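S.K.: For reference, the chains in residue letters:
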Amino acid sequence: MRVTVTVNGTTETHDVEARMLLVQYLREVRGLTGTNIGCDTTSCGACTVLLDGESVKSCTLLAAQADGEEITTIEGMAAPDGTLHPIQEAFHQHHGLQCGFCTPGMVMAVASLLKEHPDPSEAEVREGLEGNLCRCTGYHNIVQAVLSAAHSGELVP
Amino acid sequence: MIPASFEYRRAGSVEEALGWLSEDPDSTKLLAGGHSLLPLMKLRLATPGVLVDVGRVPGLSYVRDAGDHVAIGALTRHRDLEISEVARASVPLLAHVAGQVGDPQVRHRGTIGGSLAHGDPASDLPAAVLALDATLVADGPRGRREIAADDFFRGFLETALEPDEMLTEIRVRKAPSGWAFQKFNRRAQDWAIVGVAAVLDGDPRVALVNMGSTTLRARGTEEALAAGADPTDAAARAADGLEPSSDLHASAEYRRHLATVLVRRALVEAAATRG
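Keeping their order, the protein sequence lines are chains A and B.
Each residue of the first sequence is one higher than the one before, counting from 1 in the working numbering.
Each residue of the second sequence is one higher than the one before, counting from 1 in the working numbering.
Here chain A stands alone, though its shape is the one from the complex (with noise of 0.2 Å):
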């Protein structure tokens, strides 16, 4: 079948198996391999991406169930001069990353939470980020960052 996806602003058509889920699209179709697949079962939260502006798991997703929508991915956080989304310079001046698996999944659902809580308590932050397994626990630091960049000035709403 054919679905025309918009992905970080660029839109493409391409003909897929309807059984395509929108993880393997992303990272084998449009070549985006910064979302990851880690537990493949709706768990972990690694494969997170934003699906008009709102954090899904991406393996729990067909394709085809985002033909027409517009997906935003890790690759499309950064600016495109390479300047670090505020999300992204966050996790990195806390140190918000231990091997970096998680992390991808980690800031777009960072995104989603910081838009529906602009301002949100270090309770809302830990509660906001259940989706979202870190093996190397390194949650401390990610929490960290999270509340940097909300009370950075720095994102847009």
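Read the hints as simulated data drawn from the structure, not as lab findings.
All figures in this text were calculated on a predicted structure; none of them were measured in a lab.
Every residue, glycine too, gets a C-beta built ideally from N, C-alpha and C.
There's no promise every hint is true.
Which bits of chain B does chain A cover? Going by a derived footprint, with three or more residues having C-beta under 8 Å, they are [said to hold, decoys possible]:
#	stretch
1	2-8
2	28-40
3	48-60
4	100-108
Computed, partial: chain A to chain B, Cβ under 8 Å [as the list claims (entries may be wrong)]:
#	residue
5	18
6	19
7	41
8	42
9	45
10	48
11	60
12	61
13	64
14	65
15	109
16	112
17	113
18	128
19	130
20	131
Chain B is nowhere near these chain A residues, computed Cβ spacing over 10 Å in every case [what the hints assert, rightly or not]:
#	residue
21	6
22	8
23	9
24	11
25	34
26	38
27	70
28	77
29	84
30	89
31	95
32	97
33	100
34	153
35	155
Assemble chain B onto chain A, guided by the hints.
M.R.: Just chain B now, kept in the frame of chain A:
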């Protein structure tokens, strides 16, 4: 993990979906948010030949004050129910429980109709609508019918919906106070080991998550409450007649104990919200 091959069709209306469903009901499945069905398809536990995507059927995502009840469109996503002003004011239990399902990403996609039609005894929303004495509205080739929540959940992943029917609306009674939800799990996004939804306004209704092959009511507790028992005594009967399963998370005996503890907490909390 990749699902087995299927034919994908996107329905533009309930009528179109029902038409496709009636062509071959036994090998056709409706796809809403997909957060119950797609995981099963990836595990090849479900292998429908045709997948009818109803996710974009217009007019089925709403939370409406309908006078004596609140009407919820079957395609209402958990997140939309969680933040609905109508739900928060008139059925705060349902808004609260919608906010407890899975995690934010799941709540952005999953729908109330999909969750109920899936009929998983470990899900939270079936217990909430059972406690709220809901009526479920199904459309099909023989027209529209209303199914009481008490008659809807038939067995493990089995509901009263016929294979050629589609759940379109959920009607719940208003319960602005006198409610509580308790859920015990080991990790943040896990299914409940046991959960309890309690509504004390009107006839007390107490529904349990994961205490049998379907969501079900704690009849012993309800009878005790009707007879005037206090929360502790009523909660002691929470597992009367129930046979929960044992699995890697908990033994049946532990679940029965947990039910009495959580029901007691729920009854105390629900009484406190009555003001």
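S.K.: Now look at each hint and say whether the structure bears it out.
M.R.: Checked hints:
1. Beta-carbon proximity to chain A at under 8 Å applies to 7 residues in the stretch 2-8 of chain B; the threshold of 3 is reached and the given coverage holds.
2. Here's how the stretch 28-40 of chain B fares: 5 of its residues keep a CB closer than 8 Å to some CB of chain A, so the rule of at least three is met and the hint holds.
3. For the stretch 48-60 of chain B, the proposed coverage by chain A is satisfied: 3 residues have a C-beta within less than 8 Å of a C-beta in that chain, meeting the threshold of three.
4. Only when three residues or more bring their CB closer than 8 Å to a CB of chain A does the claim for the stretch 100-108 of chain B stand; here the count is 6, and the claim holds.
5. Hint on residue 18 (chain A) holds. Least Cβ distance to chain B is approximately 4 Å, under the 8 Å limit.
6. Of the supplied interface hints, the one on residue 19 (chain A) holds, with its beta-carbon coming within about 5 Å of a beta-carbon of chain B, less than 8 Å.
7. With its C-beta approaching chain B no nearer than about 6 Å, residue 41 (chain A) sits inside the 8 Å limit, and its interface hint holds.
8. About 6 Å separates the beta-carbon of residue 42 (chain A) from the nearest beta-carbon of chain B, less than 8 Å, and the hint is met.
9. Given hint, residue 45 (chain A) at the interface with chain B, holds; its Cβ is 7 Å from that chain's nearest Cβ, closer than 8 Å.
10. About 6 Å separates the beta-carbon of residue 48 (chain A) from the nearest beta-carbon of chain B, less than 8 Å, and the hint is met.
11. Checking residue 60 (chain A) against chain B: minimum C-beta separation of about 5 Å stays under 8 Å; hint holds.
12. Because the beta carbon of residue 61 (chain A) sits about 7 Å from the nearest beta carbon in chain B, less than 8 Å, this interface hint is met.
13. Below 8 Å, beta-carbon pairs count as interface contacts, and residue 64 (chain A) has one with chain B at about 5 Å; its hint therefore holds.
14. Because the smallest distance between the Cβ of residue 65 (chain A) and any Cβ of chain B comes to about 6 Å, under 8 Å, the interface hint for this residue holds.
15. Proximity of residue 109 (chain A) to chain B holds as hinted, the smallest CB-CB distance being about 7 Å (cut-off 8 Å).
16. Given the 8 Å rule on beta carbons, the hint for residue 112 (chain A) holds: about 7 Å separates it from the nearest Cβ of chain B.
17. Checking residue 113 (chain A) against chain B by beta carbon gives a least distance of about 7 Å; that is within 8 Å, so the hint holds.
18. The interface hint given for residue 128 (chain A) is met, as the beta carbon of that residue sits about 6 Å from the closest beta carbon of chain B, less than 8 Å.
19. Here the hint on residue 130 (chain A) is kept, as its CB sits about 4 Å from the closest CB of chain B, short of 8 Å.
20. Annotation: residue 131 (chain A) was flagged as interfacial toward chain B, and the flag holds, the nearest CB pair being 3 Å apart, inside 8 Å.
21. Its beta-carbon lying about 16 Å from the closest one in chain B, residue 6 (chain A) satisfies the requirement of being farther than 10 Å from that chain.
22. Separation of residue 8 (chain A) from chain B is adequate, the least Cβ-Cβ distance of about 19 Å exceeding the 10 Å criterion.
23. The non-interface label for residue 9 (chain A) is consistent with chain B: the shortest C-beta to C-beta separation is roughly 21 Å, beyond 10 Å.
24. No beta-carbon of chain B comes within 10 Å of the beta-carbon of residue 11 (chain A); the shortest separation is about 18 Å.
25. Non-interface status of residue 34 (chain A) relative to chain B is upheld: no Cβ of that chain comes within 10 Å, the nearest being about 17 Å off.
26. The Cβ of residue 38 (chain A) lies farther than 10 Å from every Cβ of chain B, with a closest approach of about 12 Å, so its non-interface assignment holds.
27. Listed as a non-interface residue, residue 70 (chain A) keeps its Cβ farther than 10 Å from every Cβ of chain B; the least gap is roughly 14 Å.
28. Every CB of chain B lies more than 10 Å from the CB of residue 77 (chain A), the least distance being 17 Å, so the non-interface label holds.
29. For residue 84 (chain A), the requirement that its beta carbon stay farther than 10 Å from each beta carbon of chain B is met, with the minimum near 23 Å.
30. In this structure residue 89 (chain A) is separated from chain B by more than 10 Å, as the shortest Cβ-Cβ distance comes to about 23 Å.
31. Every beta carbon of chain B lies more than 10 Å from that of residue 95 (chain A), the smallest distance being close to 23 Å; the non-interface claim holds.
32. The beta carbon of residue 97 (chain A) sits about 19 Å from the closest Cβ of chain B, which is more than 10 Å, so the claim that it is off the interface holds.
33. Listed as a non-interface residue, residue 100 (chain A) keeps its Cβ farther than 10 Å from every Cβ of chain B; the least gap is roughly 20 Å.
34. Even its closest Cβ contact with chain B, about 24 Å, leaves residue 153 (chain A) beyond 10 Å, as expected for a residue assigned away from the interface.
35. For residue 155 (chain A), the shortest C-beta to C-beta distance to chain B comes to about 17 Å, beyond the 10 Å cut-off, and the non-interface label holds.
Taken one by one, the earlier hints all hold for this structure without exception.
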